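*Asks:* As they're listed, the protein sequences go chains F and P.
First residue of the first sequence? That's 0 in numbering that gives the first Met the number 0, and the numbers climb one at a time after it.
First residue of the second sequence? That's 0 in numbering that gives the first Met the number 0, and the numbers climb one at a time after it.
Honestly, the hints are just simulated from the structure, not real lab data.
One or more hints might be untrue.
Stated by the list, open to error - Across the chosen pairs, the derived CB separations fall in these ranges: (1) F/22 - P/214: 53 to 61 angstroms; (2) P/74 - F/219: 29 to 37 angstroms; (3) P/117 - F/177: 44 to 52 angstroms; (4) P/216 - F/82: 55 to 63 angstroms; (5) P/117 - F/84: 12 to 20 angstroms; (6) P/103 - F/148: 53 to 61 angstroms; (7) F/19 - P/211: 26 to 34 angstroms; (8) F/177 - P/178: 17 to 25 angstroms.
Stated by the list, open to error - Stretch by stretch, here's where chain P covers chain F in the computed footprint (C-beta under 8 angstroms, at least three residues): (9) 87–99; (10) 123–135; (11) 208–218.
Predicted, not measured: the structure shown is a model, and the values here were computed from it.
Note that CB positions come from ideal geometry on N, CA and C, so glycine has one too.
There are 2 protein chains.
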Amino acid sequence: MKNFKGILSYEGTRFLGWQKTRMGDSIEKELEKALSVLLRHPVELQSASRTDAGVHAKGQVINFLTSENTLDLSRIRNGVNAILPHDIRLLSLEEASLDFHPTLDAAGKEYIYEICTGSVQSPFLRLFSWHFPYALDIEAMRSASAPLLGTHDFSSFCNERSLIDPDPVCTLQKVTIENLGGGRLQILVQGNRFLYKMMRNLAGSIAYAGCGKIAPESMRGILEARDRRLAGMTAPAHGLYLQRVFYKPHSSS
Amino acid sequence: MKNFKGILSYEGTRFLGWQKTRMGDSIEKELEKALSVLLRHPVELQSASRTDAGVHAKGQVINFLTSENTLDLSRIRNGVNAILPHDIRLLSLEEASLDFHPTLDAAGKEYIYEICTGSVQSPFLRLFSWHFPYALDIEAMRSASAPLLGTHDFSSFCNERSLIDPDPVCTLQKVTIENLGGGRLQILVQGNRFLYKMMRNLAGSIAYAGCGKIAPESMRGILEARDRRLAGMTAPAHGLYLQRVFYKPHSSS
Chain F
0 MKNFKGILSY EGTRFLGWQK TRMGDSIEKE LEKALSVLLR HPVELQSASR TDAGVHAKGQ
60 VINFLTSENT LDLSRIRNGV NAILPHDIRL LSLEEASLDF HPTLDAAGKE YIYEICTGSV
120 QSPFLRLFSW HFPYALDIEA MRSASAPLLG THDFSSFCNE RSLIDPDPVC TLQKVTIENL
180 GGGRLQILVQ GNRFLYKMMR NLAGSIAYAG CGKIAPESMR GILEARDRRL AGMTAPAHGL
240 YLQRVFYKPH SSS
Chain P
0 MKNFKGILSY EGTRFLGWQK TRMGDSIEKE LEKALSVLLR HPVELQSASR TDAGVHAKGQ
60 VINFLTSENT LDLSRIRNGV NAILPHDIRL LSLEEASLDF HPTLDAAGKE YIYEICTGSV
120 QSPFLRLFSW HFPYALDIEA MRSASAPLLG THDFSSFCNE RSLIDPDPVC TLQKVTIENL
180 GGGRLQILVQ GNRFLYKMMR NLAGSIAYAG CGKIAPESMR GILEARDRRL AGMTAPAHGL
240 YLQRVFYKPH SSS
């Protein structure tokens with residue numbers, strides 16, 4: 000038995016999310032199907048993150064077990080990509096230790112949220128960013144983000160389903176807001192873990208701070224109140240990218 | 000009677016090109032329809048460039064005449080964008096002199112051709128660039144481009160239809176090749192005019208020089224031979240963008 004780790008990129012637009020469902024297409028279903036055809040046995044996947052409907056990924060991490068002992072990894076990768084639809088691509092594949100698990104071993108994740116600024120939405124960004132036609136003050140967004148760094152109870156930025164999650168405490172190592180030019184504004188967040196819809200709630204709240212709907216200096220109070228109703232809206236799925244997953248050195252291979 | 004100049008951006012993926020045709024959707028048809036609804040009279044458009052099927056634009060220039068004398072230009076622009084499909088957007092609208100014509104008055108154009116490098120195609124670039132999986136030597140591409148600058152007979156880079164064009168002489172002011180990062184390579188060409196499929200033939204030939212299929216030092220001979228068969232392939236439409244159209248100062252408004 001061998002364990003393989005793969006890195007995946009996908010455009011989430013037409014999918015109901017990562018996870019298999021009878022309701023329609025999912026990334027998990029497509030990748031399991033492609034791997035099962037190539038390896039000639041049923042394949043079960045695990046992933047670092049069960050991305051929601053419409054969310055994109057540039058660095059989703061998956062693993063699968065196989066009893067095939069002599070795999071040519073670059074042939075498997077190319078074969079999988081030949082079977083997969085064009086909006087999903089397996090970027091790389093490597094052998095991992097037998098106990099490697101993409102969720103349990105993850106030390107942290109990096110998400111990117113993209114906003115399309117300007118009064119007219121760019122046709123090229125419409126599926127890949129949130130069109131926000133109001134003027135955004137980047138410095139206000141940066142000062143609203145500052146209190147989010149460090150270890151906090153993030154209940155104010157979690158949607159209902161996370162009430163199931165007994166632990167609302169997360170640590171954010173990095174929050175940056177950059178103007179990429181061409182009407183693209185990027186919010187990047189690195190953290191050890193993220194609660195349900197947390198990144199989209201952070202993005203919505205930071206955007207609200209940028210247009211004056213939330214005062215930047217009130218962000219600390221919103222965080223401390225642990226009340227979802229005080230924070231900004233949940234930003235739409237199509238601006239969100241799972242960018243990278245971090246692992247402790249010993250568990251990645 | 001007044002004359003209006005507009006700047007347009009569109010994703011060409013699902014269109015048969017700029018020009019109206021009974022065969023299917025065109026950008027011209029969509030924009031004429033939207034303007035006719037808003038202005039309450041039939042509108043006829045002219046454009047700086049009749050982009051081919053699948054070609055994108057970030058700065059297409061159009062004009063139209065109307066007898067409406069009191070137009071609120073930003074309301075017309077927003078109204079047009081509310082009617083247009085999401086893959087076409089009117090970026091701006093201004094009054095022009097009555098004799099302004101977007102094709103006849105154009106002093107030059109800028110096209111961009113994007114190539115997606117790397118062995119695996121990015122799902123995010125698949126509709127917006129040519130996936131070229133072979134290693135590309137940027138310096139070889141640059142030295143192959145150098146002889147193209149200036150005034151030449153570009154018959155070697157024109158497809159058949161241009162045999163109708165009695166004048167194959169064009170002047171290129173700028174040819175640059177840049178690595179944009181993230182697997183994106185960009186060829187930018189500025190010229191006073193472009194022959195039929197010339198930009199896609201230049202891009203295909205420059206890519207061939209980058210992967211060794213054409214020796215960079217043979218590019219001058221290919222140009223001078225005025226023989227289409229000697230140059231590289233016609234690069235696919237979905238990597239091409241009409242970026243800007245230049246006008247002499249007096250004719251733009």
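*Asks:* So, for every hint listed, does it hold in this structure?
*Replies:* Here is what the structure says about each hint:
| no. | hint | in the structure |
| --- | --- | --- |
| 1 | F/22 - P/214: 53 to 61 angstroms | holds, 55 angstroms |
| 2 | P/74 - F/219: 29 to 37 angstroms | violated, 42 angstroms |
| 3 | P/117 - F/177: 44 to 52 angstroms | violated, 24 angstroms |
| 4 | P/216 - F/82: 55 to 63 angstroms | violated, 42 angstroms |
| 5 | P/117 - F/84: 12 to 20 angstroms | holds, 19 angstroms |
| 6 | P/103 - F/148: 53 to 61 angstroms | holds, 58 angstroms |
| 7 | F/19 - P/211: 26 to 34 angstroms | violated, 45 angstroms |
| 8 | F/177 - P/178: 17 to 25 angstroms | holds, 20 angstroms |
| 9 | 87–99 | holds (count 4) |
| 10 | 123–135 | holds (count 3) |
| 11 | 208–218 | violated (count 0) |
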